[in-house]
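Heads up: the sequence lines are chains U and X, in that order.
Taking the working numbering, the leading residue of the first sequence gets 514, the next gets one more, and so forth.
Taking the working numbering, the leading residue of the second sequence gets 538, the next gets one more, and so forth.
Hints are all accurate, no fakes.
Keeping only pairs whose Cα atoms sit at most 16 Å apart, straight-line, the calculated EDC-like set for lysine to aspartate or glutamate is:
#, chain 1, residue 1, chain 2, residue 2
1, U, Lys-621, U, Asp-576
2, X, Lys-806, X, Glu-880
3, X, Lys-911, U, Glu-549
4, X, Lys-884, X, Asp-848
5, X, Lys-806, X, Asp-722
6, X, Lys-911, U, Asp-556
The hints are simulated quantities; they were obtained by calculation from the structure and are not laboratory data.
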Amino acid sequence: MMESYILFPLLALLFLFIWYLTFTASRLDRLHHRVETSWAALDALLQQRAALALEVSHLPGVDPAVAMVLTQSAFLAGEAEIAERSEAEDGLAATVELLYETEDFHQKNPALSERITNVSKRIEVAMRLHREAVHTTGVQRSRPLVRLFRLAGRAPLPVVHPFEISGERTL
Amino acid sequence: MVTLNRKLNIGLVSPYGWDAPGGVQVHIRDLAHLLIREGHRVSVLAPVEDEDALRDEFVVPAGRPIPIPYNGAVARVLFGPVAASRVRQWISQNDFDLLHIHEPAIPSLGLLACSLSDGPMVGTFHVAAERIRIAFAIVPIVEPIIERLRARIAVSEVARSTLLTHVDTDAVVIPNGIDLASFADASPRLEWQLGKTIGFIGRFAEKRKGLSLLFEAVPAIVDRHPDLRILIAGPGESEEALEWIDPSLHSRITFLGMLSDEEKRQFFKSVDLYIAPNTGGESFGIILAEAMATGAAILASDLPAFRFVLDDGRWGRHFRTGDWMDLARKASELLDDPKTLEEMAAKSHQGAERFDWPVVGRQILDVYDFITPKSENGEYEKVRLVADSRPWNRFPLGGLNRFEKNDGRV
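With the sequences and hints as input, model every part of the structure.
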């Protein structure tokens, strides 16, 4: 009879602990999914920007040097592996900005320029959402319990790419 | 303004009683109308006091709200097992593409909906609680719940930094919207223009709205402007408020009671200077945006929320929060100078453009777009109940969470 006094609370505790582990695991799973979603949205926008940059480089009257830089970074941003891509996105963002500063681009191509401004604004929002998802996931994954029981499974640790940090501005 | 290239089935959740006045409810109603105009299907789940008086056909009542004093006002919230069951039913019966939850951190319908569902969800945080201890004492419980939101929207930089410091989570800032066009053609009322008039709108009985501060400043302003009149609008007991000020000044003060939207616009148009002496607890200040939209000269305290709306003094002037001497000095100077007042009034409308619903709505739709990308198998995710994905609920007889699908009713 004595044993049940010890056994029941112990079992209850064990169940509670197991429940907590599964709860945390599903929480992590959800977070990883959130990172994927936010990256998908950001990725789509970046592709749009690259496509727009290509369009700009084909325009008549664009400075050949600028056009070449645009083509190259647009190509890299659209194709490259993620490590190179970060650099390419940085380059693309800088070139687009350069385009606005150096030429009367806006007067000549109001519609296209409008679209680029639009995409750039949306990229900033998408970056913030992605950074936030990555940050939250990182905080949760660094908890000792999560690491000890490998609750994150084999999911790769999400990272914020360098271009997202340099691209940060106050919205 | 279309960014989404498909029509969504959207669920909006209001934390506060639909029939009680309040900025959050107004915001949700306007947003619902905008989304419907854009061709989306909208259903709003909200606590409702009197279901028979409900006029908005897109609102689904979730039960009667419970009044709870909070942040200097009374919040009408709804919580508990019955409400939870209503939320589950609402989500099961509607095949939502997206859930937009307002105030998900406040223990009400928003928090319930967020904790019970999974999928594309976005939350808007309206509150910037300076009395944070009450609001965020439940952070450990709330954190894993609001973490489900794919995106967080804060209505101002103040609301955003509240989130950053207390829940360590970042948000996109999208201000509250106003219908700019409806403010454009207001005309002034003669009886509100006699003499030099300054205006105040708000629930003046609340200390943080700052009417007593304005009253402290009035004698000093009257010294320089003997023809000064003070117009006060908003619900409350005027006798009580009059006790704060010297009886010799009573004749200059007019209480107008609650104003209709139309009267409010006339009010802004009529007064020489609109004063917002609030001392705290504001997260946005929609009233300032409305004053700007009408084209009023504005003097407001330099609360972070007001500095955000007035863009740090670009569309109005600021005085030091809680400092009646500064208020009196700035107000007298401005009233001395009708030309500046006119200029301020003429350009403040322009400052309200960024709060216009088409602008704000586009930003919100952008966020909707971001959190509902097409998955790799080419399908879009739907909002579902967390309980539905639990193994023991997958059995045919499936537990408590079964509800008939009902496409006919909103």
